[in-house]
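Using the hints, position chains B, C and D against chain A.
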Amino acid sequence: MNAVRRRALLAVPVAAAVARDVAAQPAVEEDFAAAERAILAGRTPVAGGIAIDMPQLSENGNSVDLAIKVESAMTATDHVTAIHILAEKNPVPRVARFALSPRAGRAEVATRIRLATTQTILVLAETSTGQVHRASRDVIVILGACVDGG
Amino acid sequence: MIGRPAAALLACAALGTLAAASEIRPSRDFLSPELRAQQDDPSRHPGWLWVEEGEALWRRGEASCQSCHGDIAGMAGVAARYPAVAADGVLLNLEGRIERCRTQHQAQRAFGYESEPLLSLTAAVALRSRGMPVSVAVDGPAAPFVEAGRRFYETRQGQLNLACTQCHDENAGRRLRGDVISNGLGTGYPAYRLEWNALGSLHRRLRACSLGVRATQFDFGSPEYLALELYLASRANGLPIEAPGLRR
Amino acid sequence: MRAAGLLLLGLCAAWPAAGQVAPFVVTDDAIAAPLLGLAGDRARGAAVVRNRETANCLICHAIPDPRERFMGDVGPPLAGVGSRLTPGQIRLRVVDPTLVNPASVMPAYHRVAGLVNVDARYSGRPVLTAQEIEDVVAYLSGLEE
Amino acid sequence: MSGSITARITLPEQAHRGEVVPIRVLVRHPMDRGIDAPGLRPVPRRILHSFRVTYAGEEVFRMDLSPGIAANPYVEFTTVAVETGDLVFEWIEDGGAVYRREARLVVA
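Note that the protein sequences, when read in sequence, are chains A, B, C and D. Sequential numbering of the first sequence, starting at 198, is according to my numbering. Sequential numbering of the second sequence, starting at 3, is according to my numbering. Sequential numbering of the third sequence, starting at 34, is according to my numbering. Sequential numbering of the fourth sequence, starting at 3, is according to my numbering.
One chain only, chain A, in its complex shape (with noise of 0.2 Å):
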């Protein structure tokens, strides 16, 4: 992950930048689009209900910070069941899953993610009602310059 911009300044960390190149390869890639209809499971997702926030420039992709607001009532009847983050170009696209319950009281999250790159950020919410609210946002992952490989 994160060839690119990880790739020092230099040509001094050979080892490491291969290590960090390869790291995160999974096994058995399974692809952004894949990942999206696993989780869809023929549902057709309704777009909206979802605010998504996260810079649109990221200094750096070791740490994106990403804050998603679902509107729900937050019901016994209503609520928000599952939150799903998906990174377009990550090597693993499924990024975080969130489990909840009306005793969230809101469904509100927060986190900090890796982005190898410049991409698209997907996010999908499963209701209890059947129902998945889709929303996407796009950040740019800037190239920094004095990267020492650490």
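Calculated from the structure, these hints are not laboratory results. Where a beta carbon is used, it is the ideal one built from N, C-alpha and C, also for glycine. A few of these clues could be false.
With a straight-line cut-off of 20 Å between C-alpha atoms, the simulated EDC-like cross-links for lysine to aspartate or glutamate are [as the list claims (entries may be wrong)]:
id, chain 1, residue 1, chain 2, residue 2
1, A, K266, D, E78
2, A, K286, A, E233
3, A, K266, D, D96
4, A, K266, D, D66
5, A, K286, C, E101
6, A, K266, B, E36
Derived DEER-like restraints, expressed as beta-carbon distance ranges [said to hold, decoys possible]:
id, chain 1, residue 1, chain 2, residue 2, range
7, B, E64, C, G147, 42 to 48 Å
8, D, G97, A, E227, 19 to 25 Å
9, C, L132, A, E227, 54 to 60 Å
10, C, T119, A, A264, 37 to 43 Å
11, C, D106, B, T105, 45 to 51 Å
12, A, E268, D, E15, 29 to 35 Å
13, B, G240, D, E15, 36 to 42 Å
14, C, A80, D, E104, 53 to 59 Å
15, B, T157, A, E268, 58 to 64 Å
16, B, E36, C, Q53, 27 to 33 Å
17, B, P119, D, D88, 25 to 31 Å
18, D, T86, A, T272, 22 to 28 Å
19, B, G240, D, T12, 28 to 34 Å
Relative to the frame of chain A, chains B, C and D by itself:
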């Protein structure tokens, strides 16, 4: 300590230095708004994980830090005075001071530079000076070290033939690719650097700078980096400690 | 991703052969003659300019290419440099800009003498070979207004 | 199996019954993605792959983590304050190690 009056004296003696110093901005001014907000928020700053471990270390053991120094809150302002010259003439930074305490007063083996316990303790102690102005002594026994650090800072080095000052004074605020060049102060160290995914010392950062210009990387705690650290601190005199910092 | 790592290994292997600095003559503020009489190649030069492991020009300079993002602004933009400077002037500025301006922040790309504390891995060899210098000169000369 | 882990859990000391409480969790972990490259000694993946939170007898939050989660994972979520009691935070690491921490929430 004689830090602040001494700094004022030096500034009066060298008007050129004073003029240059007035242009030096805190490192936080060069951070993106996101990173700056995160640096200010302990609930979101991963560096606090090291602080937590450092505070536990402070209390640990029979001859603990606490058994001599009391609560770590008493360390307020200490980090702002380092690097400093010890009574025996040796230049010590905060890491070096802690290691001396270990070996001389606690009869323990040194943790080792860049070891996790030393980073954690350094971060916990430095935190107690967060927001306080840097006030290192630059006269008396410190003067030759400051001068050595200044020479290092101003000497073009490495295959790329660059001096620290060429980027961090003449081009501060400009961009190297996507990176904004800061005034190159060490006030945020030890810092959690996103590239490292970990907390690291100023000397680790300096080694990265040396690598960047394809120059010799000096050892952690080397005389070269210690003198440079003191010179950087002299440039930062009066500016706030940011440790533990958050850097990209 | 893997290819990037292998490329680096390849560069390391090529180092011993690259430890040469070609002789040159400075006339006014230019090196009129191509180094070693070599012909430059624009496409290869474009690659050298973008290469983050060697010349790394874009860390400080912008080139007129909308596909490149986050180029540096420490040095002047390179668009139109071919109209402002002759190939000989460009050659001198890439070989050793301190011969034009001793305080220049730009590194000398074809010089080994008079450098301080050079890392052993780079000692005795210039950043760019004579051929790479000529390729860069060919590329930059082509950036006309 | 349960080991020690450094975590910082930020939540209000007190809350009113029914109040939605934000909880922030930072945990020290390298989230090693693993190395499997020719010529290099293979290093197995070692990440925290699950994180669950129970409170007042129920699981109130669960997260499946991938290697795409940043090192020293940060998570923020909410829960409804129902009664005074401990929130129990549990991480499961590749290899099966389980780390547990608790934080008390006082409900008025």
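Hints, verified against the model:
1. K266(A) / E78(D): With Cα atoms ~11 Å apart, K266(A) and E78(D) stay inside 20 Å; holds.
2. K286(A) / E233(A): This hinted pair holds, its Cα atoms lying about 13 Å apart.
3. K266(A) / D96(D): Violated - the C-alpha atoms of D96(D) and K266(A) are around 29 Å apart, more than 20 Å.
4. K266(A) / D66(D): 18 Å, holds
5. K286(A) / E101(C): OK: K286(A) and E101(C) at ~19 Å, within 20 Å.
6. K266(A) / E36(B): Holds. K266(A) to E36(B) sits at ~19 Å (cutoff 20 Å).
7. E64(B) / G147(C): 42 to 48 Å: Roughly 57 Å apart at Cβ, these two residues miss the hinted range, so it is violated.
8. G97(D) / E227(A): 19 to 25 Å: 22 Å, holds
9. L132(C) / E227(A): 54 to 60 Å: Holds, since L132(C) and E227(A) (Cβ atoms, about 57 Å apart) stay within the stated range.
10. T119(C) / A264(A): 37 to 43 Å: 55 Å, violated
11. D106(C) / T105(B): 45 to 51 Å: 48 Å, holds
12. E268(A) / E15(D): 29 to 35 Å: 30 Å, holds
13. G240(B) / E15(D): 36 to 42 Å: With a Cβ separation near 37 Å, G240(B) and E15(D) satisfy 36 to 42 Å, so the hint holds.
14. A80(C) / E104(D): 53 to 59 Å: About 57 Å separates the Cβ atoms of A80(C) and E104(D), which means 53 to 59 Å holds.
15. T157(B) / E268(A): 58 to 64 Å: 60 Å, holds
16. E36(B) / Q53(C): 27 to 33 Å: Given range 27 to 33 Å: violated, Cβ gap about 47 Å.
17. P119(B) / D88(D): 25 to 31 Å: 30 Å, holds
18. T86(D) / T272(A): 22 to 28 Å: 24 Å, holds
19. G240(B) / T12(D): 28 to 34 Å: 32 Å, holds
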